[in-house]
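**Q** For the protein sequence lines, the chains are G and D, in the order given. Per our numbering, the very first residue in the first sequence carries number 1; after that it's consecutive. Per our numbering, the very first residue in the second sequence carries number 1001; after that it's consecutive.
Do not take every clue at face value.
[Stated by the list, open to error] Just the calculated beta-carbon pair ranges, DEER-fashion:
| id | chain 1 | residue 1 | chain 2 | residue 2 | range |
| --- | --- | --- | --- | --- | --- |
| 1 | G | P44 | D | N1010 | 27 to 33 Å |
| 2 | D | I1005 | G | R30 | 20 to 26 Å |
| 3 | G | D138 | D | N1010 | 43 to 49 Å |
| 4 | D | F1038 | G | R200 | 15 to 21 Å |
| 5 | G | P34 | D | Q1034 | 56 to 62 Å |
| 6 | G | G35 | D | V1037 | 20 to 26 Å |
| 7 | D | P1041 | G | R200 | 20 to 26 Å |
| 8 | D | F1038 | G | E158 | 56 to 62 Å |
| 9 | D | P1055 | G | L133 | 47 to 53 Å |
| 10 | G | R60 | D | V1037 | 33 to 39 Å |
| 11 | D | I1005 | G | M43 | 38 to 44 Å |
Hint data in this document are derived by calculation from the structure and do not stem from the laboratory. A virtual CB, placed ideally from N, CA and C, is assigned to each residue, including glycine.
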Amino acid sequence: MENDVLSKIPMFSSLQPDTRLAISRCAFTRQLAPGYTLLIEGMPAEHGYFLISGEARALRMNPEGRVQVLARFSNGDPINLISLLSKDKANRATIETLSEVTVLVLSASDFHRLINRFPDFSALLLHQLATRLAKMTDLAADLSLYAVRARLARFLIELADLKPSPAGWTQDEIAAHIGTVRDVVGRLLRDFEAAGLIQRQGGQITLQNRDQLAAVAQEQDL
Amino acid sequence: MADPITPSINLSLCNHCTLCAVLCPEDALTMREQGPVFNIPLTCTYCLECEGLCPTGAIRAPLTVTWGAQSESINLS
Ligand code: SF4
Ligand code: SF4
């Protein structure tokens, strides 16, 4: 594989040249269509991925079919890291693409070999794991502590603060991310608009008042 | 990023159930052989009804979120 493909993954820029060379020798790229299921929860974890372009999401479904989005991945993010490093080596979540996606693929055996041989690669993954763990802890706190209204306000603020702006989210995707259903998201967005917290025009939501939204975002589930 | 003006319809997922075209409150869609298409002039208000109704997930109406110009408290210090 061309070494310059690695330059499309920003976090690899900190790696030593010999580490990058070793990755480029065993990695390959794959192009995936929108809506493609890359991994299925519970199946053996055979590959690790780094997103080169496009967006994907990690989700879990409960027995009643309700979906909870655990994470959304964009440029440079590693996918399936925790599954490859866990004891049972099973996929922790189902991964679906949200757009056309290009991924860099490493087999589980190459992934472990690189970790053992290249300390800068392991340190990089450790940093990614810590970031992912912090996000999961925030999500768990959000779901257990805050009302749905607060979770939506927090999520809107989070999206608006992201640079560059992420691709759009549908109401279903927002609902799955904050642990509710589409109709509730629709109703809350209408409430926020009536209260002057947001403005909507077409598919564009403009947040109007940071202080008021931040106050709603702190409302706890009583 | 440009504002989405209408939902996008993936015709390869459409099963021609006609729900979107029949129930659109603005009559913005017409059924054609290949599936629903937007009428011209465009009357779609991006109300998101059709996305919720579509049984196959063929219609996607993404929302993008940004801060408005007046969103920040003014800091005079
Ligand atoms: S978004 Fe609303 S107005 Fe536009 S086509 Fe769908 S149902 Fe009709
Ligand atoms: S509701 Fe969906 S499946 Fe039915 S006609 Fe419209 S796009 Fe096609």
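**Q** It remains to establish, for every hint, whether it holds in the given structure.
**A** Hints, verified against the model:
no. : hint                         : result
1   : P44/G - N1010/D: 27 to 33 Å  : 31 Å, holds
2   : I1005/D - R30/G: 20 to 26 Å  : 33 Å, violated
3   : D138/G - N1010/D: 43 to 49 Å : 33 Å, violated
4   : F1038/D - R200/G: 15 to 21 Å : 20 Å, holds
5   : P34/G - Q1034/D: 56 to 62 Å  : 19 Å, violated
6   : G35/G - V1037/D: 20 to 26 Å  : 21 Å, holds
7   : P1041/D - R200/G: 20 to 26 Å : 21 Å, holds
8   : F1038/D - E158/G: 56 to 62 Å : 32 Å, violated
9   : P1055/D - L133/G: 47 to 53 Å : 38 Å, violated
10  : R60/G - V1037/D: 33 to 39 Å  : 36 Å, holds
11  : I1005/D - M43/G: 38 to 44 Å  : 40 Å, holds
Checked against the numbered hints above, the structure violates hints 2, 3, 5, 8, 9; every other hint is satisfied.
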